[in-house]
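Number of protein chains: 2
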Amino acid sequence: MKEFKVFLREDEIPKQWYNIQADLPTPLQPPIHPGTGQPIGPQDLAPVFPMNLIEQEVSQQRWIDIPQEVMEKLLLWRPTPLHRAYALEKALGTPARIYYKNEGVSPPGSHKPNTAIAQAYYNKVFGIKRITTETGAGQWGSALSFACCLFGLECKVYMVRISFDQKPYRRMMMNTWGANCIPSPSKDTNAGRKMLEEYPDCPGSLGLAISEAIEDAVTSKDTRYSLGSVLNHVLMHQTIIGLEAKKQLEKFGEKKVDVVTGCAGGGSNFAGLAFPFVLDKINGANITIIPAEPTSCPTMTRAPFVYDFGDTAATTPLLPMYSLGHTFIPPPIHAGGLRYHGIAPLLSQLIIEGLIEPRAYNQLECYAAAVQWARTEGAIPAPETSHAIAVVIEEAKKAKEEGKEKVILLNWSGHGLMDLGGYDSYFSGKLVDYPLPEDVMQKSLKAIEGLPKPVAMKKGNPA
Amino acid sequence: MKEFKVFLREDEIPKQWYNIQADLPTPLQPPIHPGTGQPIGPQDLAPVFPMNLIEQEVSQQRWIDIPQEVMEKLLLWRPTPLHRAYALEKALGTPARIYYKNEGVSPPGSHKPNTAIAQAYYNKVFGIKRITTETGAGQWGSALSFACCLFGLECKVYMVRISFDQKPYRRMMMNTWGANCIPSPSKDTNAGRKMLEEYPDCPGSLGLAISEAIEDAVTSKDTRYSLGSVLNHVLMHQTIIGLEAKKQLEKFGEKKVDVVTGCAGGGSNFAGLAFPFVLDKINGANITIIPAEPTSCPTMTRAPFVYDFGDTAATTPLLPMYSLGHTFIPPPIHAGGLRYHGIAPLLSQLIIEGLIEPRAYNQLECYAAAVQWARTEGAIPAPETSHAIAVVIEEAKKAKEEGKEKVILLNWSGHGLMDLGGYDSYFSGKLVDYPLPEDVMQKSLKAIEGLPKPVAMKKGNPA
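For the protein sequence lines, the chains are A and B, in the order given. All residue numbers for the first sequence refer to our numbering, where the first residue is 1 and numbers rise by one. All residue numbers for the second sequence refer to our numbering, where the first residue is 1 and numbers rise by one.
Keep in mind that a hint or two might mislead.
Said to hold, decoys possible - Here are the computed distance ranges between Cβ atoms for each label pair:
#1 A:Asp44 / B:Lys404: 37 to 47 angstroms
#2 B:Gly93 / A:Lys458: 55 to 65 angstroms
#3 B:Phe427 / A:Val125: 39 to 49 angstroms
#4 B:Gly93 / A:Asn52: 25 to 35 angstroms
#5 B:Asp201 / A:Glu405: 57 to 67 angstroms
It is worth saying that the hints were derived from the structure and are not from the lab. Ideal placement from N, C-alpha and C gives every residue a C-beta, glycine not left out.
Produce the complete structure using the sequences and hints provided.
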């Protein structure tokens, strides 16, 4: 009988995370202080993050043990299944073999809890009692609420007001796990109060929500802030996805993989699947590794490599990354998790090295791909995930044209059950594409003209 | 390391369904025609269901092969994991070992597609091109939409108007799988048009939606009707749940199970887990098998054993079952799937035989149980599932009092991500209990006084 999916036994789950910093051909350039222009040190971050996570952020150690307490929580839903997409292959008439890693089976419905669990644990052992964060569409806020609940930590989520009002189910999820989710701007911080005074009906923004969450963390007792993507340690916590997938591909009898893909907003689900395969590529394997993004927020495919703030409100250290400028406001596409002005420094460096090859897709094409997926493989993808499905369909068609039996691996990062409004707009013909006009991008980039410039280094030389 | 869950390999999945009719101590009494009072034959049902499913409905064969085409669709998400609920056990301080079968991992999020897939297949091979059904809260309509999509059948879902308006995400799920979901009453049937003429703002009812779906099926070309619970063949399709669970308990090293539980509205998810264990009990095993229902719709715990219509509009054959009367309108509890006036004839017969022991729970107690579950085991249960969790917590506390290492097995029938409104009402203190007043029940039962009476038979003698 055909094998549709492979589970791992729990004793086969990877026991360590993979830290790609140990294998980068060129080390990351350091984050720098926006005031001094000097590299920042661990102590500069200590009011915001616990020191054990800061140590992970800068660690050059290749393999880092997953603590037993973290593993016991991950085992609530991990290892996740690796499926073969026979029905989609058949519908496409492709000779390619398509595999997908199903991260949608976690209680909050995406890959996000892989790092939320780890971050909650490290905060707890560092003596932290309470974690703050921001959330846009709500996927990250849900995951951190879930993780804090399991470790008995308080959790406060500043949710962008327009999403808070439009997506009440996300707030209800967070409440069910005991978190306090409030709309941002709020009256609980100086940043929020200031905004409400000037603009009482402010719909909020991710940048402002970050500012509120950080202000709350640095001014409250036993409290730290948590970020759901972009940073090195966050991406590392996701590598359990790719490490599991490698073992599962072996069980499927696959000796090599040709294409690896995932969507990338901050970059964490893509990194989680891809980094163990990037290591193979560094060691000589011939793999095409593709992060997918929206044409409306084309960080990786069109933006320059710069030093920029991580948040819209310009309160974080400057990070070396591809960025559209921290004041960039992406169009209202449904893939809220891909509406970020920058991309993780680690992904940025891999792009410079030519180790990963980003592509951008329009919203309508992604929904068409998602609907084809749901009508063949069954499960309804998150709008973010649909971007990676667009890659899969493109590559599977290419394999058909070339008559090649390629192996394609996809990170199915989450289900779309909390985001069905986008499908409704798609079917009713209301959905449109928003390719980014060049002049809008250039205008946004003007805002970061005065910031320090990094040099794009590749294998020790300017790229 | 502790084992949190056990997967089966795909080649270990059960290859046959278990038909409990072969092992009933007393055979079921036949459905009868409301006009003639005589038992109905297969031909009477032929306009409504395809003959291959009617044959399954009356089959006395113990094991029935699962067709390869059905298996290939079930393998999109099956076998489902069996988890051990260590965190809940710890929170309760119980010596009991609690296991749960996770049916929430299916694409529509519940056990319902186990039968939807099978029914779509049998309709297809019988030459049917189009299936109609009704849906209340939307769980069944979603599952049938999904199944019809996979087999290339048209699907039309009549959704009770009040739910259609209040739960737009359910309709969007059905649309994503290509189904046509319309509010009932509709202009597409005589029954719907008649109601709309008399009562243009009619919020609809499950009974009327059934009438519309059946009228559509019997008057349209190549069309049949499909039901998501209650009938013998529907319950049989769910037995893959319990057959998988038995193998998984063995892998966990468990030699016997003490308590088996699931919630029961029509009875299908409970039957799916429980029937293979009922067989063990018939063969002498000492197992307590508990279907759980709401106190607001206490079919199994308070209603009489009668002949009654399956639908509110009194269009179906009369079924021998515990029933509150087909005109009974349950209070607006959030567990929409448990708001049915009757219970499957097979469950009714097992209650008469004393092989299963129903219990009823209040809504508030069930939400408290569901929240304790979400905050320990992680995943948010459907409001229906919370009734089975209430049993688990009660039994685990009893095991603690008695100091006994009991093994408790639960069917975690679905997640609550599409039904978070109930949790919101619970946290805001708005939720209330609706225990059924005796006089309301007696009034409802008056409506079936004139119908034929079955004799409750037990092992060949009156019960």
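Status of each hint after checking the structure:
no.	hint	verdict
1	A:Asp44 / B:Lys404: 37 to 47 angstroms	violated (57 angstroms)
2	B:Gly93 / A:Lys458: 55 to 65 angstroms	holds (59 angstroms)
3	B:Phe427 / A:Val125: 39 to 49 angstroms	violated (30 angstroms)
4	B:Gly93 / A:Asn52: 25 to 35 angstroms	holds (31 angstroms)
5	B:Asp201 / A:Glu405: 57 to 67 angstroms	holds (59 angstroms)
Figure legend: structure checked against the earlier numbered hints; hints not met, in rising order: 1 and 3.
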